[in-house]
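Trainee: These are the residues of each chain, in order.
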Amino acid sequence: MVRIRIEISYLEGVEDPEASTLHHNLGVLGYDTIEGTRIMKIYEFMFSEDAHTAMGMAKSIAENLLINPVINKYEITIIGDE
Amino acid sequence: MMNKVHKESFYGTLKISDLDQISLLKLSEGMGLSLNIEEMIRLRHYFSKMGREPTETELQAMGQAWSEHCCYKSSKVYLKKYLGGLKTDYTVLAMEDDAGIVKIEGETNYALKMESHNHPSAIEPYGGAATGVGGILRDILCMGAQPIAVIDSLYLGDGKSEKKHGMLNTKFLVNRVVGGIRDYGNRVGIPTVAGHLYFGNEFEGVPLVNAGCVGIVKDKDIRRSRVGGNDEILILAGGKTGRDGIHGVNFASRTLVSDVAENRKAVQLGNPIIKEPLIHAILEANSAGLISGMKDLGGGGLSSAAGEMCLAGGSGGEIHLDKVFLKESNMAPWEIWISESQERMLLSAHEKDVEKISEIMERWDIDHSVIGKSVSGKRMKLYFEDKIVMDLPLEFLTSGPVYAKPYFIGKDEIKHWIQPPDPDNFNSDLEQFLSDYNNSSKFNVIRQYDFTVRGDTVIKPIVGIPNRETHSDGAVMRVSDDGYYGIGITSGCNISAMKEDPYLGTIFSLSRSYTNLISLGCNPHSVVDALNFGNPDKMNIMSQFVESVKAIGDFCRKTILPVVAGNVSFYNELEGNDIPPTPNILLTGIISDYRRVLTPEFKGENNAILVAGSSSGNLAGSFYASKRGYAGGSLDKIDLEELLQLKERVLNCNEHSLLESAHDISTGGLSVAILEMSFGSGIGFRLDLSGYSDERFSNKIYSESGNRIIMEVREENVEKVLKIFGEMEISRIGATVGKKAEIWNDAQKLIDLEISHLRNIWEHGLDGLI
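Residue numbers (my numbering), protein chains in the order written: chain D, 1 to 82; chain P, 1 to 770.
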C-alpha cells in the first residue's frame with residue numbers, strides 16, 4: 001500500500017480571502033507579529049498499486065478534480081510505502 | 001514579464017514614434033493592451049504631435065480606456081440609436097452613472113443594474129461568479145443605495161457533449177459558479193432572490209454569468225459617479241490593490257483561448273468579509289452627507305473610476321499611486337493604475353469631511369487612504385514617488401474609437417412552419433420532457449442561496465405549501481418599513497426563440513418577463529439589459545446585436561418602459577463557435593400593496609382554470625421543438641397591444657381580489673405552466689382543450705407563442721373576470737380537482753398522470769448535474 005499526500009494551495013498572487021481574514025483577526029487579537037498567513041488543503045490517499053502507478057493516478061486526480069490551474073498549485077509526496 | 005519590475009522603467013518612456021505597423025501590433029500584444037493596428041497608429045500619431053514618447057503607464061492606461069469593455073466601441077452607435085431617450089417621468093437616472101435610478105413614490109427610489117461576468121467565470125468559475133456578485137453590489141452601493149436583492153442569470157453547458165479541450169469540466173463549472181454566487185451572496189448578507197438558468201451545449205466552455213442587483217435609496221442620499229468640483233479629496237476605500245485582475249477588461253474584450261494558463265492574470269477572487277462592513281461604512285458616511293461622489297472600482301480599476309469621476313465632474317485629477325495600499329510590494333505604477341482588485345470604492349469629499357470619513361472607516365475596520373485630489377483643467381496626472389508617470393488629457397483618454405461595424409439584415413420572407421410528429425404516447429413524452437434540465441425544478445440551485453436574509457423578501461423564488469413548493473414567477477421585495485410598496489423582479493432570456501430570430505426572440509424574451517411580473521400582480525416599471533453576444537467582428541453576430549437592441553427599443557417604446565442601465569459583453573465564442581444571441585433582461589415591476597401579490601400554486605379544489613391571451617399554436621421557438629430537434633421555424637410576431645390589454649385586465653382582476661393564482665405560459669408551454677401551478681400545492685386538474693383552438697394536441701400543450709397567463713378563479717368570480725376581460729380572448733379550459741393531471745382533447749384522455757409522480761420527476765431533474 002502506498003500512502004500519498006496531495007497538498008493544494010493558491011498560486012502566488014491569488015488572494016485567499018479566508019487566509020487574509022484569519023491573518024487580520026489574529027492581529028486584532030494581539031498576535032500582531034505574524035508576517036503572513038497561508039491556508040492549504042491536504043488530501044491523503046492510500047493506493048493498492050505500486051508507487052509509480054500511484055503517483056500517476058494521484059497526479060491525474062489532482063489535475064482533473066482537485067485543482068483549477070488558474071488559481072491553484074499542488075504538490076504530491078509519498079509519505080509511506082508498506 | 002509582468003512580475004519583473006525594473007524601477008527605472010517607471011519613469012522612462014517607450015519609443016513608439018519610429019515603429020512600423022508590425023512592431024506596433026507586437027508591442028500591443030506584448031504589453032497585453034489588446035489594441036488593434038488603427039488604434040495603435042492613432043496613439044503613435046497623438047504622441048508624435050505632442051513631441052514626446054509615451055510612458056509605460058500611459059500606454060497601459062490607453063489600452064485599458066479604449067477596451068471594448070470600457071468604451072463600448074462596437075456597441076455605442078446602436079445603443080444610442082435604438083435605446084437613447086427611453087425615459088419616463090419617473091426615471092431619475094438612466095444610462096448615465098454606474099446604475100439606473102427609478103422613483104417608486106415620494107422620496108423613495110430604487111437603483112438597479114445588471115452586468116456580465118462571463119470571461120472570468122469561464123476560467124475560474126468560483127471566483128468569477130463571486131466577483132460578479134461583488135461588482136454589481138458596488139455598482140448599486142456607489143449610487144448611495146442599500147442593496148436589497150441579488151439576481152443571477154446563468155447560461156451554462158449541459159455536459160452532454162464532449163468536453164472541449166483545455167476548458168473546465170461542465171459539472172465542475174456549474175457547481176463552482178453556483179458555489180461562488182452562494183458563498184459571496186450569503187456571506188455578504190444580501191439575498192439572492194431571482195434569476196434564470198438555462199442549460200445547453202451552445203454554452204459549453206462559454207458560460208454566461210450575469211449578475212444583477214436592486215437597491216433602495218432616498219432622494220437625499222443619491223450620489224453621482226462624479227467629483228463635486230475642483231480641489232476635492234479622493235479617497236480609496238476597501239480592499240488592497242494587487243496584481244489580481246490585471247488586464248481583465250482587455251481579456252473580456254477578445255475571444256477566449258482554450259488554454260487556461262494563458263488567461264491566468266485576469267482572475268480575481270472576491271472577499272465578502274471585507275465587502276459587508278464596506279457597505280455599512282459607505283452608507284453611514286453617505287447618509288451623514290460626507291461623500292460628494294463615488295464610484296466602484298470594477299473593470300478598468302482605478303484608471304476608469306478616477307478618470308470618469310473627474311471628467312464627469314468637469315475637473316482633472318492628480319493621483320499619487322504610491323499612496324495606494326498594496327497587497328504585494330514592488331508593483332509597477334501602471335499595475336496599480338489598472339489593477340482590478342475587488343472590494344474597492346473611490347470616494348470624493350470636501351477636505352473638511354475627510355477626517356470624519358476616516359473615523360467611520362476605522363470604526364468599520366476598512367482600509368482607506370487619500371490618494372489624490374480633483375484639480376482644475378481636464379488632465380489626469382499620475383505621480384509615483386513624486387515623479388510624473390502619466391500626464392494625459394482626460395478627453396483623449398476617454399475618446400475611445402467608435403465603430404459602426406458592418407451588419408446586414410437579410411430577412412427570409414418565407415414562413416417556415418415546423419411540425420414535429422406526434423409522440424406515440426403523450427404521457428411518457430410529457431414525463432421525459434419534464435425531466436429535461438430546462439423544464440425541471442431549479443431547487444438544487446436555488447436552495448443553496450439565502451433568499452430571505454434582511455427579511456425583505458415577500459415572495460421568494462420558491463413558493464407553495466411546505467414540501468410541495470414550486471417556482472414563483474419572480475421575487476417581490478418589500479421597499480420600506482412604512483407602507484406596502486413592493487418591487488417585483490424577474491430576469492431571463494428565451495434561448496430557443498433567440499436562436500430562431502434575434503429581433504422577434506428579443507421581443508419574445510421581454511414579453512415573457514413582462515407576463516412574469518403581471519402574474520405576480522406587479523406593474524412592469526423599468527428595464528435593464530445585459531447583452532451577451534459572440535464576436536462582433538463577424539457580420540452575422542453584429543446583425544444579431546443590432547436587431548436585438550432595436551427590438552428592446554421597439555418593445556420599450558410601445559410599452560412605455562425606461563431602459564435605465566445596461567451592459568454589453570462581446571466575444572463570447574470558443575474556437576470559432578459563437579453563443580446564441582443572449583440579451584438577458586432584468587425587468588422590475590411595482591405593486592402598491594404587496595399584501596395583494598399573486599403566486600402560481602393552486603389554492604383550492606373546484607376552482608375554474610382560465611387562460612387569458614391568444615396563441616397561434618406555433619411551435620417555432622418553443623423549447624419542445626428545440627428539444628425534438630426541429631429548428632428553423634418562423635416565430636410569430638408578439639401582439640404588444642394585446643400584451644398591454646392583458647396587463648391592464650389581470651391587474652384589474654387582482655385589484656378586485658378575483659384571482660386565486662396566476663402563472664404565465666413560458667418555457668415548456670401550457671403543460672409545464674399548469675403543472676408548476678399544481679406542484680405548489682399538490683392539487684390536480686382536469687382540462688379539456690377540445691374547444692381551446694383547432695391546433696393539434698401537442699401544439700396546444702407545448703406552444704409558447706403569444707402572451708398568455710393561466711389564472712385560477714373561484715366559481716363565483718368567473719363571470720366578473722370574464723366581464724373585465726370583455727372582448728379580449730379568454731378561455732375556460734378546466735378546473736382544479738383531485739390529485740391527478742388529466743388533459744382531454746376531442747373526447748380522448750391524452751394525459752393521465754399522478755401529480756406526485758410528475759412532481760418527483762420534475763423536482764429531481766437536475767440531480768445528475770448539481
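Be aware that one or more of the hints could be misleading.
Under the rule of at most 25 Å between Cα atoms (straight-line distance), these lysine-lysine pairs were calculated in the DSS-like manner [what the hints assert, rightly or not]:
no., chain 1, residue 1, chain 2, residue 2
1, P, Lys80, P, Lys405
2, D, Lys41, P, Lys171
3, P, Lys405, D, Lys59
4, P, Lys80, P, Lys103
5, P, Lys103, D, Lys73
Label-pair distances were calculated between CB atoms; the ranges are [as the list claims (entries may be wrong)]:
no., chain 1, residue 1, chain 2, residue 2, range
6, D, Glu7, P, Glu96, 48 to 58 Å
7, D, Glu7, P, Gly604, 56 to 66 Å
8, D, Leu26, P, Asp386, 31 to 41 Å
9, P, Glu351, D, Glu7, 45 to 55 Å
Hints were generated in silico from the structure; no laboratory data involved.
C-beta atoms are modelled at their ideal positions from N, C-alpha and C, and glycine is treated no differently.
Trainee: Now tell me if each hint is right for this structure.
Mentor: Against the structure, the hints:
Annotation: proposed proximity of Lys80(P) to Lys405(P) holds, straight-line Cα distance about 14 Å (limit 25 Å). Our distance criterion of 25 Å between C-alpha atoms is met by Lys41(D) and Lys171(P), whose separation comes to about 21 Å. The hinted pair formed by Lys405(P) and Lys59(D) fails the criterion: a straight-line CA distance of about 47 Å is larger than 25 Å. At roughly 23 Å between alpha-carbon atoms, Lys80(P) and Lys103(P) fall within 25 Å of each other, so this suggested pair holds.
Proximity of Lys103(P) to Lys73(D) is assessed by CA-CA distance (about 50 Å); at most 25 Å being required, the pair is judged violated. Hint check: Glu7(D) to Glu96(P), Cβ distance near 50 Å, so the stated range 48 to 58 Å holds. Range check, Glu7(D) to Gly604(P): Cβ separation about 60 Å, and the 56 to 66 Å hint holds. The hinted range of 31 to 41 Å is satisfied by Leu26(D) and Asp386(P), whose Cβ atoms lie roughly 35 Å apart.
A C-beta distance of roughly 51 Å is found between Glu351(P) and Glu7(D), which places it inside the suggested range of 45 to 55 Å.
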